[in-house]
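Chains as they are written, first to last, in UniProt numbering: chain A, 1 to 290; chain B, 1 to 290.
Heads up, a few of these hints could be off.
If you only want the chain B side, here are some residues facing chain A, beta carbon under 8 angstroms, derived [as the list claims (entries may be wrong)]:
id, residue
1, Thr21
2, Gly246
3, Ala270
Rather than coming from a laboratory, the hints here were simulated on the basis of the structure. A quick note: this is a predicted structure, and the numbers were derived from the prediction, not measured. By construction, the Cβ of each residue, glycine as well, lies at the ideal position given by its N, Cα and C atoms.
Number of protein chains: 2
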Amino acid sequence: MTVYDIAIVGGGPAGLSAALTARVHNKSVILFEAAGFSDKLRRAHRIDNYPGIMTISGPDFMDQLLEQTLAYEPTIAKERVQSVFIGAPFTIMTDENVYQAKSVILATGVTMSKTVPGERALLGRGVSYCASCDGHFFENKDIAVYINTLAYQQDVELLASLAKTINLYIGGALQLPEEWLANLPKSVIVHAKAIVNSVVGEQKVTAIETNEGTHDVDGVFFLRDSCPPENLVEGVVLDGTSVAVGRNMETNYKGLFAAGDVAGTPLQVAKAVGEGQMAAFGAVAFASVN
Amino acid sequence: MTVYDIAIVGGGPAGLSAALTARVHNKSVILFEAAGFSDKLRRAHRIDNYPGIMTISGPDFMDQLLEQTLAYEPTIAKERVQSVFIGAPFTIMTDENVYQAKSVILATGVTMSKTVPGERALLGRGVSYCASCDGHFFENKDIAVYINTLAYQQDVELLASLAKTINLYIGGALQLPEEWLANLPKSVIVHAKAIVNSVVGEQKVTAIETNEGTHDVDGVFFLRDSCPPENLVEGVVLDGTSVAVGRNMETNYKGLFAAGDVAGTPLQVAKAVGEGQMAAFGAVAFASVN
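Just need the whole structure built from these sequences, with the hints factored in.
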């Protein structure tokens, strides 16, 4: 299997900045971005405080940065990273493939949601983050699905075609199309306003508990916009909901770096690209001697 | 005396980025820049790795960043900062004036030279960094002057008009105009290639020691491009020759931040502007509650 020098998880300003710097230093780079290269920044009407550019729209900024980065030819994988396993090299599992890299930079953006109690403990024992990976384990079973991004609509459809019943929980600000919701099979019960409080179970998932009551289920899928970093990397040390990093964007694991919003506030473009660059220097140095 | 919210020492990418962010947050800002807003970057023919700008010359980048920052109207002081005194507020002494600020960001760029043995111990007892401040103490005395930037030619002329003799040491890569050197008074002895090893003295300066020998002097002026940060701020903790900073660009003194090249490698524009922004967030928060 190809071992890349550097794997970058996320293609927002931090991830692309890291890719740019790493490629300038002639390292092999694979960058994972399943959505639209910072959907968040693409919603920004106007950026006035990015040093060196008087004013620019979010989409124009991302397009320029993407063009600039792609000119250095990093490998781009339009796949969703499910897990990063610590090792030499690191192993990166997506919803489609497995990759290896000497060094990894997490640039997954701001974490919109925390994990809920029981979620981590029951991961792989009924809790899953990947419909296409694990959906078939739940054929004709009762499951719960939490979704907070439009990007996962197809995954809900897949699960609906497999499971006996689905209790579907819709996260925070997400607006799912009325028509799409209306066309879901009757086996899907939509809870538009419920808040998921915990996953219940000892050896395996037995129920999901919300502010509207408890439902017995065999499995729970969390389909989140940005995966909480502790779900991506087992044992990564956090500072609040962000990945804890040192002066050079290093995490508690050697060779693993974090940059941009996932590494904490302020949630700003200049800070993100600066950190992406800093993390890339660290990863370049690490990949050179490992 | 006006107490500014934030004083920024240095007007390169880090300093201007910090000023931009601080002004966007409506804090009063004074920025000190005596030279040309990053003379170093202005010598860069071409920058290809600044995220979001495909390619740009160093001077064009600095001009754009300066225009963008000045639109937010920070106060600019074209004065050279000699010392920052820790306190609430901080006191900033330049070669012309004294200022106060609740918070200070050091963005003085890369330190080209280290201090030499004896220099710090004899500061104020014969060692000086400021010709216009201290020159008159050395009327008709024998002094040594170290210079490593064209910006200090006038200071040498001033000292030549006061002192009895000057041993003039020219630093590293500095090319002083032949004609200017030829027109210096005979009391100035130019050592074009000598390396200053130490300042000698117990209670006060008695001599300067170089690789070409020792000269008895009453005082030594170090006129450096970028003042080593430990000369600007007594007791600031270093990491090698850089200011030691934490995750949020904080130094060992509360309210004092550092950003850009002075805070260490990599010496890159994106890293510098990101750190300037990060330091500004810290300074804004500090100034808001102090």
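Of the hints stated earlier, which fail here?
Violated hints: none; all satisfied.
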